[in-house]
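S.K.: Below are the chains, spelled out letter by letter.
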Amino acid sequence: MPDYGQITIGGGTLSATWFLGLAAILFTLGAIGVLVRRNPLIILICIELMLNAVNLTLITFARQLQDLDGQLFALMTMTVAAAEAVVGLAILVDISRVREVEDIDELNELKG
Amino acid sequence: MPLQAITLAILVLPAAGSVALGLGALRVPRRLVQVIGPGTVWVAFLCSLVLFVDQLTNNGRPHDFTYWTWLSSGSLQVPVDLYVDRLSVFMCLIVTGVGGLIVTYSNGYMEHETDGSYARFFCYMDLFITSMLLLVLAGNLVFLIVGWAAVGLSSYLLIGFFYWRWSAVVAARKAFVMNVIGDVGMVLGTFVLFATYHSVTYRGIFAALPKTDSPLLELAAFLLLVGAVAKSAQLPLHTWLPDAMEGPTPVSALIHAATMVTAGVYLVGRLHPIYDLAWVAHGAVALIGAVTALFAASIAIVQTDIKRVLAYSTMSQIGYMFLAVGVGAYAAGFFHLMAHAFFKALLFLGAGNVIHAMNDEQDMRRYGGLWGQMRGTSICFLVGSLSLAGIIPFVGFWSKEVVLGDAFSKPDPSGFPQAMWAIGFATAILTGFYTGRMWWMAFAGKPSPERPVQHPHEAQAVMLVPVVVLAVLSTVGGFVQINAGFHPGWKLIEDWLTPTFGPLPWQARDLEYFPTAATLLLAGVAFWPIADAFYRRRVWSTWSRRLPFLQRLLERKYYVDELYDLLFVRPMDAAAEAGDHLLEAPVIDAAPAGVGVTARSSAGVLSLAENGLFRTYALVMLGAALVGLLIVLAVRG
Amino acid sequence: MLAVAIFWVMAVLAVLGGLGVIVSRQPIRSILSLVVVMLALSVLFLLLSAQFVFAVQVIVYAGAVMVLFLFVVALLGPGRERRGGHLRFQWWLGWLVGLVFGGFIYSMVQGAHFRPPQHVDLSSFGTVQEIGMGIFTRFLYPFELTSVLLLVAAVGAIYLSRGGWLSGGRRAALSDEERAGREEEPHA
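Residue numbers (the working numbering), protein chains in the order written: chain A, 1 to 112; chain B, 1001 to 1637; chain C, 2001 to 2188.
Extracted from the complex, chain A is given alone in its bound form (with noise of 0.2 Å):
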């Protein structure tokens, strides 16, 4: 494995690399979520999970570099994702008064 540095705080000392590990499966996660659940709302939770991860991986990186721009990217990405979350919470309630919207494979209708 290769060396992404060291954390020393509080007495421990931590790999960087764990962090980034932690951050990748996290993303793996949400990305297998993202292809296989077939409710609207949880895939619009895995996008969540996916964009905490990669949160994780900007904080550890503005950790080891030095550099306080990862910590300020990371809040911009998530005001992004909350904006995204409340545009896209509204557009399933408002197909939600139509019909019932269990399945997103349903909603094809914009194809060929």
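It is possible that some hints are incorrect.
What the hints assert, rightly or not - Sample of chain A residues at the chain C side, in silico, Cβ under 10 Å:
id, residue
1, Tyr4
2, Ile7
3, Thr28
4, Val36
5, Gln64
6, Leu72
7, Ser96
8, Asp105
9, Glu109
10, Leu110
Said to hold, decoys possible - Interface residues of chain A toward chain C, partial, derived using beta-carbon atoms under 8 Å:
id, residue
11, Ile9
12, Gly11
13, Leu20
14, Gly33
15, Met50
16, Val54
17, Ala74
18, Met76
19, Ala82
20, Ala83
Keep in mind the hints are simulated off the structure, nothing from the lab. We put the beta carbon where it would ideally sit given N, CA and C, even for glycine.
On the provided structure of chain A, position chains B and C as indicated by the hints.
M.R.: Chains B and C in isolation, oriented as in the chain A frame:
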């Protein structure tokens, strides 16, 4: 120099008239059209008179007026130049004079047309006059060909004037296609001449000619002869002329009798230095002319349409002109050209009067007895007929006499000119016969029971006066050149054209003229009593019943049309058909259509990727990201 | 020591939460699993000297956005996912692609050449002051843009939740008679 301007004016005025009438066809009132149409031609005639006086007084010194250089590319120098000498002035006078009479005549003949059509007719006529004048005035081969093609175009437009008639359109196309064959010959001949002598102007070429014959010169002469043969409707490119009678009668008079068809004769005359050297081609000219004369005269004796008789007669008389220039008697040929212009125009216009009066009926068998009812036209037509047959004292006698006499008396060990004379002799007899037949059938005897109009009226003034003028010219015109033993002879035409052609190389002894005079007397005999016997006393029909094969041969014009159809038209049609099937539809049409089909099918295939399912899209996106990562991995090592 | 222990606990919680998100049949359970993930991550941020981000993550992300999701679930009802449906094969394919993807990420991480900077000064790293300075100097433009984005999202959400004429919103989809009737009222 005013002379330079006047020469240009001769060309420009009818052209301007044509353009004005063409652009303003629906807006110009009829009265104005009647003035512009003939008016421009008469003004051109006056300008030609000015040139005539100039050539008269300055001993025939030619002028070569260059206006500007049109094309200058290496050794190819094509100036816009007009060559004014005795020959071109001679032709100009005939074209504008006879042309003016005919265009004036058409003021009355075409009166039944609508305003737009009326203007269109005169637009085309003026276009023709301009083109013909360009042809005779051009100082170099390039502009000669321009004029040549332009008269072909005018001919096409005028033959197909009644464009709503299938027969007219087909005839116009036929004329144009055959003319184009001639144009090709002309152009190729010009190429050969330019390649050999590096000039396209007359002066340049004549100066560069060698002293003896050469194969290239013969080739050029033959190629140019192809053009002359096509334009003048000689064998074998003659089939368009009878069909050209579909056009209005003034058109037949002007283009297919008096002027355009004589362009071939003019060509040989203008390029006589070439033909004097290239004796094989020169002989071919005479042979073609003589054979055509006999051929056409034989067909004319069975024609029933009055215009067709005149058409074949034209073909035959031009054969005489070719014969003359072919043996070297240029002045004789042009004298006959002038005479023919007079009496053939007269005959056509007279026929036009009759056709007009008989509600467009052209079949002579339905005429008969017009002598009593259309006296003026009948007299003029008689004058024309006698002139055509070559009866003294009309102009036809004098001109044919010169032609045949010069041919007979030319000294040649091979006897070729004398053989030509013999053919001309036979033709003269036939000419007398069919002319008499024509006059007797149409004008004499009792009115036919099938006549469409019982009391035809004489033509109106505007149509009668030109006819009378031409009749007068046909009567007195001959006295300008009297060769026969009546006088040591004044030879005004010959003298006039000497600066161009030189004097006649051999001495035409008076003695030789007696055979020719005898010829023409025989022709006269054929005309009057024999025709009378055959037609009035109906001896003719037994002959046609006895020799049906001959009758049919002549009626079908020796099956030449059928032969050409078999040899050329059918293969071309088959080739075009094949091209359509094999090339047009599958390849040329398929190319743009194929693009469309390809676009549609590929779009069809691509649209399968849009199945409307979110998860498919997500999968594809992730898969693409995967591929991207793969590439990065591979690149990084 | 403490830090290591905290890390591992939080990491395990996060992974379990992630699994919970993708495996749960009911949406409400997915949401709650995600909340667990977020809180775990926030502690990890704290370990990484991102104090301000830790706070924002808890307050905004776990506190507001997730609550929004909960409200929507409350509005829409439980919604169990049925078996079957359209792309049957996608279940297998999705797992396959996802795992392959994970493998690739692993191999990407493998090949990195990383050299940490020499000087490490964490005294003021991740503090509110530093974040503030960064936002209003280097990140001013993105900051302003994201505020516009939030405005747009808010307006959009309001418009959508009012309903276009398809969903039977109040003012939009009147039938012709109704509209005529309404117009006539004031004149009468």
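S.K.: Each hint: holds or not?
M.R.: Hints versus structure:
1. Against a cut-off of 10 Å between C-beta atoms, the interface hint on Tyr4(A) holds, since the closest Cβ of chain C lies about 5 Å away.
2. Nearest Cβ of chain C to the Cβ of Ile7(A): about 7 Å, under the 10 Å cut. The hint holds.
3. Interface restraint check for Thr28(A): the shortest CB-CB distance to chain C comes to about 4 Å, inside 10 Å, so the restraint holds.
4. A least Cβ separation of about 4 Å between Val36(A) and chain C falls short of the 10 Å threshold, and the interface hint therefore holds.
5. Here the hint on Gln64(A) is kept, as its CB sits about 6 Å from the closest CB of chain C, short of 10 Å.
6. Using the Cβ-Cβ criterion of 10 Å, the hint placing Leu72(A) at the interface with chain C is satisfied: the shortest such distance is roughly 5 Å.
7. Because the beta carbon of Ser96(A) sits about 5 Å from the nearest beta carbon in chain C, less than 10 Å, this interface hint is met.
8. Checking Asp105(A) against chain C: minimum C-beta separation of about 4 Å stays under 10 Å; hint holds.
9. Violation of the interface hint for Glu109(A) is found here, the shortest Cβ-Cβ separation to chain C being roughly 12 Å, above the 10 Å cut-off.
10. Taken as an interface hint, Leu110(A) does not check out: its beta carbon lies about 15 Å from the nearest beta carbon of chain C, beyond 10 Å.
11. Given the 8 Å rule on beta carbons, the hint for Ile9(A) holds: about 5 Å separates it from the nearest Cβ of chain C.
12. Given hint, Gly11(A) at the interface with chain C, holds; its Cβ is 6 Å from that chain's nearest Cβ, closer than 8 Å.
13. Evaluation of the Leu20(A) hint against chain C yields a held restraint, the C-beta minimum of about 6 Å falling below 8 Å.
14. Given hint, Gly33(A) at the interface with chain C, holds; its Cβ is 4 Å from that chain's nearest Cβ, closer than 8 Å.
15. Taken as an interface hint, Met50(A) does not check out: its beta carbon lies about 10 Å from the nearest beta carbon of chain C, beyond 8 Å.
16. Checking Val54(A) against chain C by beta carbon gives a least distance of about 11 Å; that is not within 8 Å, so the hint is violated.
17. Annotation: Ala74(A) was flagged as interfacial toward chain C, and the flag holds, the nearest CB pair being 6 Å apart, inside 8 Å.
18. The interface hint given for Met76(A) is met, as the beta carbon of that residue sits about 5 Å from the closest beta carbon of chain C, less than 8 Å.
19. Interface restraint check for Ala82(A): the shortest CB-CB distance to chain C comes to about 5 Å, inside 8 Å, so the restraint holds.
20. The interface hint given for Ala83(A) is met, as the beta carbon of that residue sits about 4 Å from the closest beta carbon of chain C, less than 8 Å.
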